[in-house]
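Protein chains in written order, with the numbering used here: chain W, 1 to 336; chain Z, 1 to 236; chain X, 1 to 292.
Hints listed in this document are in silico derivations from the structure and should not be mistaken for laboratory results. On a predicted model such as this, the values are computed, not experimentally measured, just so you know. Virtual Cβ for every residue (Gly too), placed ideally from N, Cα, C. One thing to keep in mind: the hints can contain errors.
[Stated by the list, open to error] Cβ-Cβ distance ranges computed for the label pairs, FRET-style:
hint : chain 1 : residue 1 : chain 2 : residue 2 : range
1    : X       : Leu78     : Z       : Gly164    : 40 to 48 Å
2    : W       : Phe25     : Z       : Arg133    : 42 to 50 Å
3    : Z       : Arg133    : X       : Leu92     : 19 to 27 Å
4    : Z       : Lys166    : W       : Ser181    : 37 to 45 Å
5    : X       : Leu262    : W       : Phe25     : 54 to 62 Å
6    : Z       : Thr217    : X       : Leu92     : 24 to 32 Å
7    : X       : Leu8      : Z       : Lys63     : 56 to 64 Å
8    : W       : Phe289    : Z       : Asp129    : 47 to 55 Å
9    : W       : Gln322    : X       : Leu78     : 34 to 42 Å
10   : W       : Gln322    : Z       : Asn199    : 39 to 47 Å
11   : W       : Gln322    : Z       : Lys166    : 47 to 55 Å
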Amino acid sequence: MKTRFRNSFILLAVILLAAFTLPFFAGEYIIHIGVLVLFYAYMAVAWNILGGYAGQHSLGHALFMGIGAYTSTYLFTRMGLTPWLGMWVGGALAGLTGWFVGYLCFRYGLKGPYFALVTIAMAEAAVYIVNNMSAVGGAQGLEVAWVGREGGAPLLMQFDGKGGYYYVILVMTVLSVWLSSWLIKRRFGYQLVSVRENEDAAEALGVDTLRVKIQASIISAIMTALGGTFFAQYFTYINPRNVFGEGPSVQILLFAIIGGLGTVWGPVVGALVLVPVAELSRSWLGGSFAGAHILLYGTVMVLVMLFMPNGIVGLYEKIRAQLKSRSSNDGKSEAS
Amino acid sequence: MLEVTNLRKDFDGLTAVHDLSFNVETGQIVGLIGPNGAGKTTTFAMLAGFLTPTSGEIRFHDKRINGLKPHQVCKLGMARTFQIVQPFPDMTVLENTMIGAYVRHPNTADARRKAMEVLERVNLVHKADTLGRNLTLLELKRLEIGKALATEPGLLLLDEVAAGLKDAEVDNILVLVRQLNEEGITFLIVEHLMKVIMNLSHSVIVLDFGQMIAQGTPQEISRNPAVLAAYLGKEE
Amino acid sequence: MVFSFELLGQALVTGILIGGIFALISVGLSLIWGVMRIINFAHGEFLMLAMYIAYFLVAKGGWDPYLTILVTAPALFLIGVLIFQSTIRPILKDPPMNQIMLTVGLSLILQNLALVFFKADVLTANTAYTRLNFFLGGVVVRGSQLIAFLGSGLAAYLLYWFLQKTETGRAIRAASINRDAATLVGINVRNTYLLAFGIGSASLGVAASLMIPFYYTSPTVGLFFGLIAYVVVVLGGLGNFPGALVAGLIIGLTESIGASLLPGSLARVLTFSIFIIVLLLRPQGIFGGKQK
Chain W
1 MKTRFRNSFI
11 LLAVILLAAF
21 TLPFFAGEYI
31 IHIGVLVLFY
41 AYMAVAWNIL
51 GGYAGQHSLG
61 HALFMGIGAY
71 TSTYLFTRMG
81 LTPWLGMWVG
91 GALAGLTGWF
101 VGYLCFRYGL
111 KGPYFALVTI
121 AMAEAAVYIV
131 NNMSAVGGAQ
141 GLEVAWVGRE
151 GGAPLLMQFD
161 GKGGYYYVIL
171 VMTVLSVWLS
181 SWLIKRRFGY
191 QLVSVRENED
201 AAEALGVDTL
211 RVKIQASIIS
221 AIMTALGGTF
231 FAQYFTYINP
241 RNVFGEGPSV
251 QILLFAIIGG
261 LGTVWGPVVG
271 ALVLVPVAEL
281 SRSWLGGSFA
291 GAHILLYGTV
301 MVLVMLFMPN
311 GIVGLYEKIR
321 AQLKSRSSND
331 GKSEAS
Chain Z
1 MLEVTNLRKD
11 FDGLTAVHDL
21 SFNVETGQIV
31 GLIGPNGAGK
41 TTTFAMLAGF
51 LTPTSGEIRF
61 HDKRINGLKP
71 HQVCKLGMAR
81 TFQIVQPFPD
91 MTVLENTMIG
101 AYVRHPNTAD
111 ARRKAMEVLE
121 RVNLVHKADT
131 LGRNLTLLEL
141 KRLEIGKALA
151 TEPGLLLLDE
161 VAAGLKDAEV
171 DNILVLVRQL
181 NEEGITFLIV
191 EHLMKVIMNL
201 SHSVIVLDFG
211 QMIAQGTPQE
221 ISRNPAVLAA
231 YLGKEE
Chain X
1 MVFSFELLGQ
11 ALVTGILIGG
21 IFALISVGLS
31 LIWGVMRIIN
41 FAHGEFLMLA
51 MYIAYFLVAK
61 GGWDPYLTIL
71 VTAPALFLIG
81 VLIFQSTIRP
91 ILKDPPMNQI
101 MLTVGLSLIL
111 QNLALVFFKA
121 DVLTANTAYT
131 RLNFFLGGVV
141 VRGSQLIAFL
151 GSGLAAYLLY
161 WFLQKTETGR
171 AIRAASINRD
181 AATLVGINVR
191 NTYLLAFGIG
201 SASLGVAASL
211 MIPFYYTSPT
221 VGLFFGLIAY
231 VVVVLGGLGN
241 FPGALVAGLI
251 IGLTESIGAS
261 LLPGSLARVL
271 TFSIFIIVLL
281 LRPQGIFGGK
291 QK
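Okay, chain W solo, but in the shape it has when bound (with noise of 0.2 Å):
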């Protein structure tokens, strides 16, 4: 039991250095790519805390995300605010929304499927609402604007090369999975898996589930728009589709399906295993195959569902729960 906690140590170790270290050894394309994985495992933890914990899955995330971008991105290029304030005020406004979203929807005792179609909804809404707010530039959306100065503007989140966003990304998920591994070993990560699990027994034993349910919502909703925002000043460009779309939203929650749902690395090791296929066949296939990346994320969700839709990791714990009671062979009888 403790070598496997120690060799687990170590290799979270030795990833973790190989990822900080990556920029010093690794070209600015791969650095992209570092980033884009980073970026996808990080919205997909913070997803995860309300669909895969909590078990309410939202397919309108991009609510949240937009709102972060935004507000960061309004507040950067028109009142010079610099992004690293902006986010928080992103994050609060999204954190008051995933109040509104969770209690008008929990209140009123949806789920599921209910559930997923108001979110849909909702973020749909906004990107027709935004698209008619000239102020943020309507349709066309807004641009973050180099500031243009040598070696980057660091406190304006702007940075020259892309090693800079890298290092950012890489400390939000980190982060964020630091949180996300703190929260599941409390009674409000209990609390919500048994929401998840099983609502009624849950209220019968003293959890109040529309408090945790909405809680959860506000937790997942501030990650996300911090997340919004990072997109926002990496990718320098935001119009209503790319952040409150449906492209968004599902890109948020993919990576949590497929690597595992509800549990602490599935995001993770969803991400790491798919961006950079689909991103390097991207660039192999070139622009005559736009799309095609999506594809494979749409196949290999299929393909999941189909055959682990418990994920990589629910598969590979399945596995080892597998080999554990065949190597210990104690006549324990586990009816099934």
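Let chain W serve as the given structure and place chains Z and X on it in line with the hints.
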């Protein structure tokens, strides 16, 4: 401990429970019986907070609890089990029980300790790391009681805990309930199995068509003609 | 924002005509969702596929758009059946969210297959009916939309008749009400599901052919219509045919009148707001009796 006065529940034109009044004294085991559809589960649901009474009053420890949500009722000291067992399937037995323990012990280490104590009590320690989905029915029933027990209730509502169990298993549960009662927990049990009611209850309430038709000791009830008529010769 | 009775009248007419199409797109979903409790998030993409088929037959093959129904309906039936057998049937007993995620994956695949093969171009077919217009007072009635409306009505009626009057149809309805009871009376529930899915998909083929004379096709055209189908089905009540028809008209009118009264694309926000409110307050829909 529990006072129910003129309780009534209407559903879209059907009255499931009609003018029900009874008391449960501290330390008792009270049985609630009646033919199918008599309103027993509806009454339970109202007591535990899953349904709001149409009219009437429920007082627990002399505090009105009508319309409180189930988790609030639980925190006040009234816990329930479900007729169809409701474990958390992908959590271990220990984790299942910890959810209940968390009510009085917000700290994870404390909750775990309390949960282990409870598992000893219901004889499930050896299954502490087994997933909820891999338990036998008897183990699930014990877990059901254990989860509720972990919330440290003063009053425990058992909903047909013996349903589906073999004879020896029922005895197993009976012993447990009696021991817990001797340790100070009050019980209100819904049961079909006469053996359970007769053996355990200090007092029995009989429902039929949403109304109470008799109340008394098990002996009195078994001789009551109205009760026998309600069951129409159905003997368990 | 110019308000005039003429504008309103135009919006009314267009709204009703479009509402008919919305209704047809939705009855297929109502059938699938109502019968199998499957939420197919690729519903819109099926329509998109059918529209491409219809488009190419018309634009490259010179077909009369309404004749393409002879191809699109069976083709969609087949595609529906194939997809059902291979991907949906294995997970019928899985949690609903798994099914949703799978169909989301399907929609990604279909959208991007279209993107890869047909590029992102918006394709409009030029047919004999495209410029056919009638004038009623100050209101323009587009012939193609009128035909689509009538065609949708006919198709929906045929579907309704099939479900109510034929034995197969009744089997489908029985299976939707109570799967186990249906099995007990000898109904092969799995084939019933297959049939329902195929028919639901085929209805999209019909809708696509009716739409090609006045609507464009592109890889993303399914997103909007898919969502509208959900709005209509929820509004009208799951599995409720007449409800879907009425709801289709209501949404058509909302979109149309909303577009003439509200600036920009805010009409859509109105539609979604109605959707959200119905989901929150009356998820069984205006006409639905069954609780979820």
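Here is what the structure says about each hint:
1. Leu78/X / Gly164/Z: 40 to 48 Å: Given range 40 to 48 Å: holds, Cβ gap about 47 Å.
2. Phe25/W / Arg133/Z: 42 to 50 Å: For Arg133/Z against Phe25/W, whose Cβ atoms are near 47 Å apart, the range 42 to 50 Å holds.
3. Arg133/Z / Leu92/X: 19 to 27 Å: holds (20 Å)
4. Lys166/Z / Ser181/W: 37 to 45 Å: Since the Cβ atoms of Lys166/Z and Ser181/W sit about 43 Å apart, the hinted range of 37 to 45 Å holds.
5. Leu262/X / Phe25/W: 54 to 62 Å: holds (56 Å)
6. Thr217/Z / Leu92/X: 24 to 32 Å: violated (52 Å)
7. Leu8/X / Lys63/Z: 56 to 64 Å: holds (59 Å)
8. Phe289/W / Asp129/Z: 47 to 55 Å: At roughly 49 Å between Cβ atoms, Asp129/Z and Phe289/W fall inside 47 to 55 Å, so the hint holds.
9. Gln322/W / Leu78/X: 34 to 42 Å: holds (40 Å)
10. Gln322/W / Asn199/Z: 39 to 47 Å: Holds, since Gln322/W and Asn199/Z (Cβ atoms, about 43 Å apart) stay within the stated range.
11. Gln322/W / Lys166/Z: 47 to 55 Å: Violated: the Cβ-Cβ distance is about 30 Å, outside 47 to 55 Å.
In the structure shown, a violation is registered for the earlier hints numbered 6 and 11, in ascending order.
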